[in-house]
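K.L.:
Can you make the complete structure from the sequences, with help from the hints?
Protein chains in written order, with the working numbering: chain A, 1 to 330; chain B, 331 to 458; chain C, 459 to 714.
Everything labelled a hint here was simulated from the structure, so no lab data went into it. There's no promise every hint is true.
[What the hints assert, rightly or not] Here chain B is said to cover these stretches of chain A; the calculated rule only asks that three of the stretch's residues, wherever they fall, bring their Cβ under 8 Å from a Cβ of chain B:
hint, stretch
1, 32-46
2, 55-62
3, 126-139
4, 200-214
5, 242-254
Remember, it's a predicted structure, so these values are computed and weren't measured experimentally. No residue lacks a Cβ here, since even glycine has one placed at the ideal position from N, Cα and C.
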Amino acid sequence: MYGNAYVENNGQQHNSLTANEDPIQLAAFEARIAAGDKIEPHDWMPTEYRKQLVRMIEQHAHSEIIGALPEGTWITRAPGFRRKLALMAKVQDEVGHGQLLYSAAETLGKSREDMTNDLISGKSKYSNVFNYPALTWADSAVIAWLIDAGAIVNQLANSKGSYGPYCRALDRICAEESFHLKYGHDNVVFLATGTATQRAMVQDALNRWWEPIMHFFGPSDKMSVHTETLMRWKVKMATNDDMRQTFLDMYVPKIWDLGLTLPDTELKKNPETNKWEFTEPNWEVFKQVINGNGPCNKERLAVRRMAEEKGRWVRRALLSEKAEYVAPLA
Amino acid sequence: MNIKSLDPRVTRANIDENAQDGVLNPLDHFQTYEVFEQKKRGTHHIHVGSVHAPSPELAMIFAKEQYTRRGQCVNLWVVKTQDVFVTEYTDADIFETTASKKYREPDAYKVIDRINAYKERTKTKSTI
Amino acid sequence: MEFTDKHVMGLKDLLYRMADDLLILGHRNSEWTGLGPILEEDIAFSSMAQDKIGQSLALFEILHELGESEPDTVAFTRNDNQFHSCQLVEYPIGEYDFSLVRHFFFDHADALRFEMLTDTVVEPLQMVARKFKGEIKYHTMHADIWLKQLGSSSEEAKLRMQHAINEVFPLALGIFEPSDYEAELIESGIFAGEAELQSRWLDKITHLLTSYGYTIPVLSDTVSAYGGRKGKHTPFLQPLLDEMTEVFRIDPAAEW
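P.N.:
If you want it as C-alpha cells, here you go:
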C-alpha cells in the first residue's frame with residue numbers, strides 16, 4: 001500500500017541532472033524508454049535515475065512493512081472466522097509486498113540491511129498515512145478499502161514505468177491488492193449496512209481518515225524541469241493531482257452510495273471542468289508528520305526496531321561464514 | 331518508558347520507546363536465492379523472484395509461501411543467486427543475427443511450386 | 459456399528475479438543491504476523507497460523523452438523539472453562555525459540571492425529587483429515603528444518619533451543635490428556651486414542667530431536683500439564699479470549 005514517492009526536488013535544472021552523463025549512452029537510454037522498452041538491472045542508467053528509483057522503491061517497500069502495523073493492531077481481535085482469516089492474509093500480503101519491493105530495490109545496488117537501517121533511523125520515509133492510529137475495528141476496514149484503493153491507483157500507474165524489476169513486482173502486488181480492496185469494501189459494507197453501532201463506528205473512522213487519505217498522494221507537483229525529466233524517464237507516471245482525481249472519481253460515489261458522509265462540505269464534482277473540488281487539506285500537518293511528528297511515527301519505528309532486534313539471535317545463528325552477498329538477479 | 335499501544339501485541343512486547351539498538355550489519359538478512367516454479371507437470375520452470383535465506387532448505391521453505399501461496403505449483407527450484415551465470419545486456423547484440431539465419435527455419439524450405447512444375451512437365455510428356 | 463450417546467459425546471469431545479487447540483494456537487501464532495525474525499519467515503509462519511484457524515473452522519463446522527452452535531458463536535462466546543484446548547497452546551508467544559519448539563511439538567502431534575483419522579468411521583472427519591494432509595506436511599517440514607538447522611548452529615542458539623525443549627515438553631504432553639471416552643472412541647473406530655497417539659508422537663520426536671543433537675527430558679520424571687482438556691486453564695487463556703472476542707462482543711448478534 002503506497003501513495004506516492006516524496007521525490008526530492010532541490011530545484012535542480014535538467015542540465016545538472018544529466019550534466020555528467022555520457023550523451024551517447026543517455027540518448028540510447030532515453031530512446032529505449034521512449035520506445036516503451038524496459039530498463040533492466042545491469043543496464044547503463046543515469047545516476048539520477050538510479051537514485052530516484054532506489055528512493056522510490058525503498059519508500060514503497062517501507063510503506064508495506066510499516067503498513068502492516070496499523071491493520072496489525074486488529075489482527076488478534078478480528079470478529080469471526082471469516083474476518084480473522086482475511087485480515088491475517090492481508091497483513092501477510094503487505095509483508096510479502098515489502099519483500100518483493102526490497103528485492104527490486106536491491107537490484108539497483110542498495111542492500112536490504114542498508115534500507116532497513118535507513119528506515120529504523122528515520123532517514124528514509126514511508127507513506128505518511130501509516131503514522132495514524134487505527135482506533136477501532138472500523139479503522140482497519142477503512143484502511144483496507146480506501147488506502148488500498150489509493151495504493152492501487154498509484155501502483156497501476158507505476159507498473160507501466162520503465163524499470164523492469166519494479167514493474168514485475170507491481171504486477172504481482174496489484175493482483176493481490178485487488179483482494180485487499182474487495183475485502184476492505186466488503187468489510188465497510190457490512191459495517192455501513194449493519195447495526196447503528198456498526199454504522200457509527202465506520203462513519204467515525206471515515207471522518208478521521210479523510211484528511212490522511214487526501215494527503216496520501218502528496219501535494220500538487222511543482223511542475224519543474226526535474227519533474228518533467230522523471231516523467232520522461234517513466235519514473236514518475238502521473239501527477240499527484242491526477243492520481244487524487246482518479247481516486248476521488250472512483251471512490252467518493254461508492255462511499256456516498258452507502259449513505260456515509262465525508263467531512264468536507266466543499267467536496268463535489270464540478271460538471272463543467274469534470275474535476276473534483278475540495279477543501280485543500282492542511283499541508284503543514286502533512287509536513288509535520290513526514291518529519292516524524294505524527295501521532296504514531298515513534299511507535300512504528302520502535303516496533304520495527306524491536307522486530308529486527310528480536311530476530312537477531314535467530315539470524316545470527318544461521319548465518320554461514322561462507323555466505324557472500326550478491327544482489328538478486330531481477 | 332515502554333510503549334503502551336493500541337495494538338495489544340505491541341504492548342505485550344515491552345518495547346522501550348527510546349531504545350536505539352537494532353542496527354543491521356551486512357548479510358544480517360543472509361544471501362539470496364533465485365526461485366523458479368513449475369505450475370504444472372509438462373511445463374517449464376519459470377523464474378518468479380528471489381528470497382533471502384541462510385540455506386537452500388530454508389530458501390525452499392520460504393519460497394513456497396512467498397511465491398506459491400496462491401495458485402497452482404507442482405515443483406520449485408531454488409538456486410543461489412551467485413551461482414547463476416548471466417549474459418550482459420550490452421552483449422544483447424549476440425542474439426541479433428539469429429533472425430536473419432533463414433536456413434534454420436522451416437519456412438525457408440518451400441518446394442511445392444517446384445514439385446507442381448515438375449508434375450506439370452512430366453504430365454505433358456506422357457500424353458505425347 | 460450403531461453410535462450410542464456416549465459415542466457421540468466422545469466424538470464431540472474429540473472435535474472440540476482439536477478445534478480449540480487449532481484456534482488458540484493459530485491465534486497465538488498470528489501474533490508474529492508483521493513482527494517475525496525475517497520477512498520470508500514472517501510470511502511462512504503467518505500462512506501456518508492461517509492454516510490452523512482454517513482447520514479449526516472445518517472442525518467447528520462438523521460440530522455444527524452434530525447440533526452445536528454456529529462456528530463463530532462457539533469460538534467467540536465461550537469462557538476459558540468451556541475450552542477443551544490443552545494448556546500448551548494458550549501460553550504467550552514468548553521468544554522465537556519458544557514459538558518454534560511449540561510449533562514442532564504441536565504440529566507433529568497434529569500430523570499424527572490427522573493421519574490416524576484418515577480412516578476414522580466418521581466420514582466428514584475422514585474427509586477433513588485427508589483435505590489438510592498437504593498443509594500439515596508443510597508445517598512439519600518447516601518445523602523440522604528450523605529445529606535441525608538451529609541444532610547445529612551457534613552455541614547461543616543451541617542453548618536457547620534446548621532450554622525451550624525442556625520447558626515445552628511437559629506442556630506438550632498435555633496434548634495427550636485422556637478423555638472420558640477413550641474406550642468408546644477406540645471400540646467404535648472413531649479414533650485410536652490419546653495413549654496410542656502419544657506413543658507414536660514420542661517415537662517420532664525422540665528420533666528427530668536426537669538426530670538434530672538435542673536431548674529430550676526423561677518421560678518418567680516429567681509431569682504432564684493436564685487440565686486443559688477438562689476446562690482447567692492457566693491465567694493466560696481468559697485474557698486471550700477477552701482480546702480475541704473484543705469486537706465480536708460489541709454485538710454478538712450483528713453480522714461483522
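K.L.:
Taking the hints in turn, state whether each one holds.
P.N.:
Hint check:
With 4 residues bearing a CB less than 8 Å from a CB of chain B, the stretch 32-46 of chain A meets the requirement of three and the coverage assertion stands. Requiring three or more residues with a Cβ within less than 8 Å of a Cβ of chain B, the coverage given for the stretch 55-62 of chain A is violated, as only 0 such residues are present. Only when three residues or more bring their CB closer than 8 Å to a CB of chain B does the claim for the stretch 126-139 of chain A stand; here the count is 3, and the claim holds. For a cut-off of 8 Å, the count of residues in the stretch 200-214 of chain A with a CB near a CB of chain B stands at 0, and the three-residue condition is violated.
Counting residues of the stretch 242-254 of chain A whose C-beta sits closer than 8 Å to any C-beta of chain B gives 0, which falls short of three, so the coverage hint is violated.
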